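Just so you know, the protein sequences line up as chains A and B, in that order. Residue numbering for the first sequence follows numbering that gives the first Met the number 0, starting at 0 and increasing by one per position. Residue numbering for the second sequence follows numbering that gives the first Met the number 0, starting at 0 and increasing by one per position.
Certain hints may be false.
With a straight-line Cα cutoff of 30 Å, these simulated DSSO-like cross-link-like pairs (lysine-lysine) come out [what the hints assert, rightly or not]:
{"no.": "1", "chain 1": "B", "residue 1": "Lys15", "chain 2": "A", "residue 2": "Lys283"}
{"no.": "2", "chain 1": "A", "residue 1": "Lys288", "chain 2": "B", "residue 2": "Lys203"}
{"no.": "3", "chain 1": "A", "residue 1": "Lys203", "chain 2": "B", "residue 2": "Lys288"}
{"no.": "4", "chain 1": "A", "residue 1": "Lys88", "chain 2": "B", "residue 2": "Lys35"}
{"no.": "5", "chain 1": "A", "residue 1": "Lys203", "chain 2": "B", "residue 2": "Lys255"}
{"no.": "6", "chain 1": "A", "residue 1": "Lys88", "chain 2": "B", "residue 2": "Lys15"}
{"no.": "7", "chain 1": "B", "residue 1": "Lys203", "chain 2": "A", "residue 2": "Lys240"}
{"no.": "8", "chain 1": "A", "residue 1": "Lys277", "chain 2": "B", "residue 2": "Lys15"}
{"no.": "9", "chain 1": "A", "residue 1": "Lys77", "chain 2": "B", "residue 2": "Lys15"}
{"no.": "10", "chain 1": "A", "residue 1": "Lys101", "chain 2": "B", "residue 2": "Lys4"}
{"no.": "11", "chain 1": "B", "residue 1": "Lys4", "chain 2": "A", "residue 2": "Lys4"}
{"no.": "12", "chain 1": "A", "residue 1": "Lys35", "chain 2": "B", "residue 2": "Lys88"}
{"no.": "13", "chain 1": "B", "residue 1": "Lys15", "chain 2": "A", "residue 2": "Lys15"}
Because the hints were derived from the structure by calculation, they are not lab data. Computed from a predicted structure; not experimentally measured.
There are 2 protein chains.
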Amino acid sequence: MIIWKHIQAELDRRFKETGVENVYMPMFIPESLLNKEKDHVEGFAPEVAWVTHGGSNPLQERLCVRPTSETLFCDFYKNLIQSYRDLPKVYNQWCSVVRWEKETRPFLRSREFLWQEGHTAHATAEEAEERTVLMLNVYADFCEEVLAMPVVRGKKTEKEKFAGAEATYTIEALMHDGKALQSGTSHNFGDGFARAFGIQYTDKDNTLQYVHQTSWGMTTRLIGAIIMVHGDDSGLVLPPKIAPVQVMVIPIQQHKEGVLEKAAALKEQLAAAGVRVKLDDTEKSPGWKFSEQEMRGIPIRIEIGPKDIEAGQCVLVRRDTREKTFVSFEELETRTKELLDQIQTELLERAKAHRDAHIYDAHNYEEFSEIIQTKPGFIRGMWCGEQSCEDKLKEDFAATARCMPFSDQEEISSVCVCCGKPAHRLVYWGKAY
Amino acid sequence: MIIWKHIQAELDRRFKETGVENVYMPMFIPESLLNKEKDHVEGFAPEVAWVTHGGSNPLQERLCVRPTSETLFCDFYKNLIQSYRDLPKVYNQWCSVVRWEKETRPFLRSREFLWQEGHTAHATAEEAEERTVLMLNVYADFCEEVLAMPVVRGKKTEKEKFAGAEATYTIEALMHDGKALQSGTSHNFGDGFARAFGIQYTDKDNTLQYVHQTSWGMTTRLIGAIIMVHGDDSGLVLPPKIAPVQVMVIPIQQHKEGVLEKAAALKEQLAAAGVRVKLDDTEKSPGWKFSEQEMRGIPIRIEIGPKDIEAGQCVLVRRDTREKTFVSFEELETRTKELLDQIQTELLERAKAHRDAHIYDAHNYEEFSEIIQTKPGFIRGMWCGEQSCEDKLKEDFAATARCMPFSDQEEISSVCVCCGKPAHRLVYWGKAY
Chain A
0 MIIWKHIQAE LDRRFKETGV ENVYMPMFIP ESLLNKEKDH VEGFAPEVAW
50 VTHGGSNPLQ ERLCVRPTSE TLFCDFYKNL IQSYRDLPKV YNQWCSVVRW
100 EKETRPFLRS REFLWQEGHT AHATAEEAEE RTVLMLNVYA DFCEEVLAMP
150 VVRGKKTEKE KFAGAEATYT IEALMHDGKA LQSGTSHNFG DGFARAFGIQ
200 YTDKDNTLQY VHQTSWGMTT RLIGAIIMVH GDDSGLVLPP KIAPVQVMVI
250 PIQQHKEGVL EKAAALKEQL AAAGVRVKLD DTEKSPGWKF SEQEMRGIPI
300 RIEIGPKDIE AGQCVLVRRD TREKTFVSFE ELETRTKELL DQIQTELLER
350 AKAHRDAHIY DAHNYEEFSE IIQTKPGFIR GMWCGEQSCE DKLKEDFAAT
400 ARCMPFSDQE EISSVCVCCG KPAHRLVYWG KAY
Chain B
0 MIIWKHIQAE LDRRFKETGV ENVYMPMFIP ESLLNKEKDH VEGFAPEVAW
50 VTHGGSNPLQ ERLCVRPTSE TLFCDFYKNL IQSYRDLPKV YNQWCSVVRW
100 EKETRPFLRS REFLWQEGHT AHATAEEAEE RTVLMLNVYA DFCEEVLAMP
150 VVRGKKTEKE KFAGAEATYT IEALMHDGKA LQSGTSHNFG DGFARAFGIQ
200 YTDKDNTLQY VHQTSWGMTT RLIGAIIMVH GDDSGLVLPP KIAPVQVMVI
250 PIQQHKEGVL EKAAALKEQL AAAGVRVKLD DTEKSPGWKF SEQEMRGIPI
300 RIEIGPKDIE AGQCVLVRRD TREKTFVSFE ELETRTKELL DQIQTELLER
350 AKAHRDAHIY DAHNYEEFSE IIQTKPGFIR GMWCGEQSCE DKLKEDFAAT
400 ARCMPFSDQE EISSVCVCCG KPAHRLVYWG KAY
């Protein structure tokens, strides 16, 4: 939860810089409201939790627990927005949502999860498109700068897009095991929801127009991503920017005179410098404490014992590389902060190197078949645009079109990696959770 | 929502100073879990929303949407707590809960509301009692210092206590119309839930013991309290500490040269000094803007026009008293901050004076009857301790025992205000929403 609070604080700050305001909508959606947009209800109705009774009385109309709140925001905007002067509306809420998944997976697919959902309304299609791309970039930058997690930015295919959206943009990350993880999405609805809900405004020429809408979300799935991108066999490896505790001070031979006092002083020294630091002065053995803080992914542990005190230094041990550095007491703040920055930077570099080493090009079905079965990672392959090819690759290999990348669109071949027909779109394919 | 975020930030800071950690529990409670503590389920089962279907399939066991989360925390603590070393646990969550109220009232009684719920587990009854009182005092101090709302601290009667609690402490505020509002409660559960759920720990002598628990909550009802304590016929009057916007700068004759520029400069000057300030540079008339900011309860408006600029000053107008002060540009930050502090202080003083002027003593049924029907406010009256007297006063006058005050326990009479039998407990009675 503390990791999520850190994610929330950092994302919220970035949202506000783009003009986002926080609101809160009800958790229940009346069935009739959910039904208003055809594609949307088809996508979500099979996986919602239904409230049918209040106390001992059956309800006149069933309520679903929000799986996402487009319909609630639309119902709200319908009354709120009258004139071009009321636009844009750029609202966001932090809440939990429920999707009745048949199979669940900790952090990645849980029936209830915490997230933020932004919902915006704009006067023009161009503005809506700008906001959709803007938020995708906020997400991608956040993942790289804060979670030290490189992502591929791109567009979903028609088959994979959000229920009710005109276009869905996505950031896709590669996990340690070579599987892809959709880590954030941003949707452009065009005026589809506006038409279904009647959200109209009077423009400067006094003509009624439909608004253009977007929505975008990130979830506690990101915690799963942190685990699977940076973790190792000893446990978590947390990027310093998101770590609840950045430094754990562990006294050695703490019963000896002066050790606990010095350990506490180092802790205070770092805390005063703005480092999130704790002291483990419990009765457990140092070895036990080392393992424990490794499991919890604390970026740096500081060892301090009688010999260190005599030598006027302590030992900084990195969680990620286990590298040890001797640091004099005078330099402690500076060196600790430098090391935290260095760890943050190197985690991103390592994750980037890992990802780049696991992107493969496939030029035809045979190559695709061989790579997907032997080399976990992303496969770059051309696609003709037919859903039948997506269906076939999913059925044959459980592979899906992760995205059509924005910045990496080159024609690595002229034919579809599945059917061999002419193809001009590059797709990142992969297996997902 | 911004008001709630301010409340949340300030309360959360105060919680953390007492060692509280934030967590998050699921929103659904399986029926069998809700049923584990007899009094608790009797209190809440009639007013919960039941989820009976996931997608199109009926669930094997119904789930209720949490009306409060004691049962979830107990189920969690049962596994988490093994030894005295694991105690205390002092957890809190910020979330929304659902209670299927028949009659609702904006902010005061809504089917879904936002709140925080703290749930703690302790080794001893004394520690649990200390925490219960500590949190009630955090609540009371917060209400007075931040919301400028005086409260009476006291204990609920058996009839009015929380379902499953051994004792409930409460803070009761008096609204403008003389009605009482329960504004925060803190419950001591003793070991009742621990016995129902089997939450045991091994003490230092290696003996199994039950934990002692507490819970405490405050809700978005506080926003209703702010409205009803400070508001007037022109709209909200927000205490500066909680106001999303503390100062609104309103230009007069803004089309004249230099006015908008100076207004913007004043805004920047105040923002740099840490004041939450906005500039209304829309095309609406100044009069319209005055009314609008009054309705929204913004503590200070600053008027700045061509004549003011010439005179090197601007006009500060208080929302609460409408008093005007001319302030030179040089003194703007200092005087604005002083005025915000003064408003905050005086709002509390006025609310205290209003409350104290509406506390009446009743010595017998006739006096009680006359006061309750003619003078809205709190009635101080002795009580014998019998629920039948509470029932009678409720039936006759819709009056309830708000609390048995901690600090005001004097025997204003020797007999019960209802039945005339010997009585030693002073009760604050009142009508509530």
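Taking the numbered hints from earlier one at a time, note which ones the structure violates and give those numbers from smallest to largest. 4, 6, 7, 9, 10, 12
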